[in-house]
Amino acid sequence: MNPTPPAVPDAPVADYAADAAPEANSYVPPKWRTEPRFPDGPAPDPAGSHHERRIRSFQPRRSRVTTGQGEALKRLWGTWGLDIDGHSVIDLKALFDGLPVVLEIGFGMGEATAQMAAADPSTGILAADVHTPGQGNLLALAERGGMTNVRVANGDAIILLREMLPPDSLAGIRVYFPDPWPKARHHKRRLIQPEFLTLAATRMAPGAVLHCATDWEPYAEQMLEVLTAHPDFENTRPDGGYSPRPDFRPLTRFEGQGLDKGHVVHDLLFRRTQN
Numbered sequence: 724m725n726p727t728p729p730a731v732p733d734a735p736v737a738d739y740a741a742d743a744a745p746e747a748n749s750y751v752p753p754k755w756r757t758e759p760r761f762p763d764g765p766a767p768d769p770a771g772s773h774h775e776r777r778i779r780s781f782q783p784r785r786s787r788v789t790t791g792q793g794e795a796l797k798r799l800w801g802t803w804g805l806d807i808d809g810h811s812v813i814d815l816k817a818l819f820d821g822l823p824v825v826l827e828i829g830f831g832m833g834e835a836t837a838q839m840a841a842a843d844p845s846t847g848i849l850a851a852d853v854h855t856p857g858q859g860n861l862l863a864l865a866e867r868g869g870m871t872n873v874r875v876a877n878g879d880a881i882i883l884l885r886e887m888l889p890p891d892s893l894a895g896i897r898v899y900f901p902d903p904w905p906k907a908r909h910h911k912r913r914l915i916q917p918e919f920l921t922l923a924a925t926r927m928a929p930g931a932v933l934h935c936a937t938d939w940e941p942y943a944e945q946m947l948e949v950l951t952a953h954p955d956f957e958n959t960r961p962d963g964g965y966s967p968r969p970d971f972r973p974l975t976r977f978e979g980q981g982l983d984k985g986h987v988v989h990d991l992l993f994r995r996t997q998n
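The sequence shown begins at 724 in our numbering and counts up by one.
Please keep in mind that the hints were generated in silico from the structure rather than gathered at the bench.
Heads up, some of the hints might be wrong.
[What the hints assert, rightly or not] Per label pair, the in silico range of CB-to-CB distance:
1) G868 - E957: 26 to 36 angstroms
2) T996 - P823: 16 to 26 angstroms
3) R908 - G868: 36 to 46 angstroms
4) D891 - F971: 21 to 31 angstroms
5) K797 - G964: 43 to 53 angstroms
6) R976 - G791: 17 to 27 angstroms
7) A817 - G979: 30 to 40 angstroms
8) N998 - L818: 23 to 33 angstroms
Note that beta-carbon positions come from the ideal geometry of N, C-alpha and C, so glycine has one too.
Using the sequences and the hints, build the whole thing.
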């Protein structure tokens with residue numbers, strides 16, 4: 724009998740073929756994580772066994788890729804895409820021709836990211852996500868709009884921050900509508916926690932702004948609490964509360980649907996301190 728593969732916290736458990744004979748305690752990724760859907764596009768599992776196993780910036784999912792999205796991935800990934808593999812530090816100045824760079828963690832289908840890039844061509848946006856249809860859609864939108872200030876990063880933003888970005892290199896970080904993990908036993912999986920903030924602060928230049936937005940009230944309260952308590956950040960609001968939605972953040976389709984249902988969206992803008 725083959726050994727049962729070890730469970731990986733917060734990650735899919737490997738599938739073993741009936742006739743496989745792996746070594747004890749070895750991890751065999753399922754096919755969809757090792758066989759690229761687009762040979763010239765994003766890798767299915769760029770970090771391999773190098774996973775961040777405690778807090779990750781994403782929840783794995785699979786969705787249908789349209790013909791247009793697939794074509795964009797094939798044609799544009801080599802120019803505007805990069806895999807988060809943890810192997811080397813990125814030269815952001817070279818990647819964005821010297822522009823100040825903002826990291827966006829999670830971008831859905833990329834419409835809001837494309838709008839922000841078009842509205843502010845003097846800022847580079849490094850957009851990180853694992854959702855293949857969204858990656859293809861954002862690449863297509865960027866090409867259609869002639870936006871050269873967008874790059875798409877495939878993989879876990881935690882690994883990107885920790886191992887691939889230099890200290891003090893970011894002009895800002897944007898985290899819009901992250902997974903709220905509503906069940907109490909899953910709160911430890913939420914992205915905005917002290918451990919993440921400490922890491923993010925090391926990669927942000929003094930004065931850079933971390934901008935979060937959520938329509939999940941309990942998560943907004945937690946964000947405000949941990950950000951207020953963190954020594955590396957200060958609230959841009961004099962009253963210490965939530966901020967109004969800034970003009971540069973577009974109203975997303977998802978957000979509009981939530982507002983129609985009576986949801987309240989909270990924006991939080993915290994500045995990296997000088998210490």
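Hints, one by one, checked against the model:
no. : hint                            : result
1   : G868 - E957: 26 to 36 angstroms : holds (35 angstroms)
2   : T996 - P823: 16 to 26 angstroms : holds (19 angstroms)
3   : R908 - G868: 36 to 46 angstroms : holds (42 angstroms)
4   : D891 - F971: 21 to 31 angstroms : holds (22 angstroms)
5   : K797 - G964: 43 to 53 angstroms : holds (46 angstroms)
6   : R976 - G791: 17 to 27 angstroms : holds (18 angstroms)
7   : A817 - G979: 30 to 40 angstroms : holds (37 angstroms)
8   : N998 - L818: 23 to 33 angstroms : holds (28 angstroms)
Every hint, counting from the list given before, is met by this structure.
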